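Participant: Make a model of the complete structure from these sequences and hints.
Next come the chains, spelled out residue by residue.
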Amino acid sequence: MSAIQTIPLEWYLLLSTVLFTIGVLGVLFRRNAIIIFMSIELMLNAVNLLLVAFSSYLSDSKGQVFVFFIMAVAAAEVAVGLAILMMVYRNTNSSDINTLNKLKW
Amino acid sequence: MITTYLFYLLSFLAIMFALMVVFSKNPIHSVLYLVLAFFTIAGHYVLLNAQFLAAVHIIVYAGAIMVLFLFVIMLLNLNKETEPHKSVWLKASAAVASGSLLVVLVGSLKGAAGIQSAKTFDASIGLIENLGQTLFNDFLLPFEVSSILLLSAMVGAVMLGKKSIK
Amino acid sequence: MLLAVQSTPLDFLPIALMFVVALGFVVIMLFLTHQLGPKKKSKVKLETFECGIEVQGNARLPFSIKYFLVAILFVLFDVEVIFMYPWAVNFKQLGLIGFVEMLTFVGFLLVGFYYILKKGALKWE
Chain A
1 MSAIQTIPLE WYLLLSTVLF TIGVLGVLFR RNAIIIFMSI ELMLNAVNLL LVAFSSYLSD
61 SKGQVFVFFI MAVAAAEVAV GLAILMMVYR NTNSSDINTL NKLKW
Chain V
1 MITTYLFYLL SFLAIMFALM VVFSKNPIHS VLYLVLAFFT IAGHYVLLNA QFLAAVHIIV
61 YAGAIMVLFL FVIMLLNLNK ETEPHKSVWL KASAAVASGS LLVVLVGSLK GAAGIQSAKT
121 FDASIGLIEN LGQTLFNDFL LPFEVSSILL LSAMVGAVML GKKSIK
Chain H
1 MLLAVQSTPL DFLPIALMFV VALGFVVIML FLTHQLGPKK KSKVKLETFE CGIEVQGNAR
61 LPFSIKYFLV AILFVLFDVE VIFMYPWAVN FKQLGLIGFV EMLTFVGFLL VGFYYILKKG
121 ALKWE
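Read top to bottom, the protein sequences are chains A, V and H.
Residue numbers 1 to 105, in our numbering, belong to the letters of the first sequence in order.
Residue numbers 1 to 166, in our numbering, belong to the letters of the second sequence in order.
Residue numbers 1 to 125, in our numbering, belong to the letters of the third sequence in order.
Just so you know, these hints were derived from the structure itself, not from any lab.
This one's a predicted model, so the numbers in the text were calculated from it and none came from an experiment.
Be a bit skeptical, because a hint or two may be false.
As the list claims (entries may be wrong) - Using 25 Å as the maximum straight-line C-alpha spacing, the simulated BS3-like pairs for lysine-lysine come out as follows:
1. H:K92 x H:K43
2. A:K102 x V:K91
3. V:K110 x A:K62
4. A:K104 x V:K110
5. V:K91 x V:K25
6. V:K162 x H:K123
Facilitator: This is the structure we're talking about:
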């Protein structure tokens with residue numbers, strides 16, 4: 001017995017949509033760069049959940065392999081992004097994104 | 001029956017923890033709530049018969065990436081409440097924007113109603129053998145490209161991190 | 001469909017049970033010690049205890065960035081290893097081609113590792 005027999009696919013679609021929107025809300029709502037990063041991770045995970053749901057409802061393992069690649073991309077993104085964040089903190093002494101307006105037109 | 005209740009429980013917890021990540025004042029609390037949200041998502045993977053992915057998800061996200069976030073917060077020394085608040089207008093517009101995004105996305109889910117799930121249900125999809133077969137036969141090029149991506153991430157992180165030591 | 005391994009979410013019931021027992025044990029023990037233990041609060045007792053030495057400053061000092069570099073590199077190699085699990089399980093079926101694929105993959109990462117060593121990112125003087 002698994003989720004597939006008892007739970008409609010739409011519920012998973014709805015759940016990952018809500019999680020994705022919460023991630024978007026976090027990016028728009030907060031000014032701390034670390035929290036914004038975490039919200040981006042949340043969005044990536046919502047997409048992962050969607051891919052896994054489709055993969056197991058359609059009995060196709062390709063969706064789950066995509067999730068591997070998304071994890072690799074997420075790890076690379078986090079590594080470089082947090083290194084950049086450290087540099088920003090060293091130069092401006094804050095993690096507030098509003099201090100990074102030098103390139104703003 | 002049990003799986004339905006588990007789905008409700010895990011979904012409720014996932015959404016609640018995600019909201020706590022966004023709205024908690026202390027960044028360390030945010031990180032810890034994010035760990036909990038990742039655990040609930042791993043629970044969903046188990047429900048969806050993606051067992052190996054659940055294990056990998058916990059290893060990578062809850063294990064590695066969260067450690068990295070905690071390290072950064074420790075390094076940044078954020079114990080004082082430094083985050084200046086956005087103006088009420090900006091917060092309201094953020095809420096309105098993401099709310100309308102939610103409405104649009106949910107509206108677009110109507111198109112998914114016609115999706116038929118597979119006739120023969122295969123419980124072994126999430127097993128490591130099947131994933132390995134797909135990964136190493138159909139997704140060979142992305143696999144090799146991802147190693148280049150990891151290499152470039154390594155070089156970038158060392159470049160940025162080393163510079164600030166000196 | 002006849003499969004050697006049929007695994008379902010219900011096979012994870014023991015693990016879930018173990019989680020519940022472990023968490024419940026911690027919660028109950030903490031609750032009981034708070035409830036049963038005698039409580040005496042004085043100023044000296046509530047102070048932070050640091051081996052008898054007086055407390056100086058805050059515990060949240062920013063520490064060296066070297067730890068951070070090690071953590072970043074750990075994450076990247078961790079992701080590398082998750083690609084190896086499916087390869088190792090399918091090692092026989094994939095044959096020589098799979099072996100060459102993995103050699104290329106690891107080769108790229110070894111280049112990165114060589115760069116890290118040359119750059120001295122893991123040096124700890």
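Participant: Which numbered hints turn out to be false for this structure?
Facilitator: Violated hints (numbers, rising): 1 and 4; every other hint is consistent with the structure.
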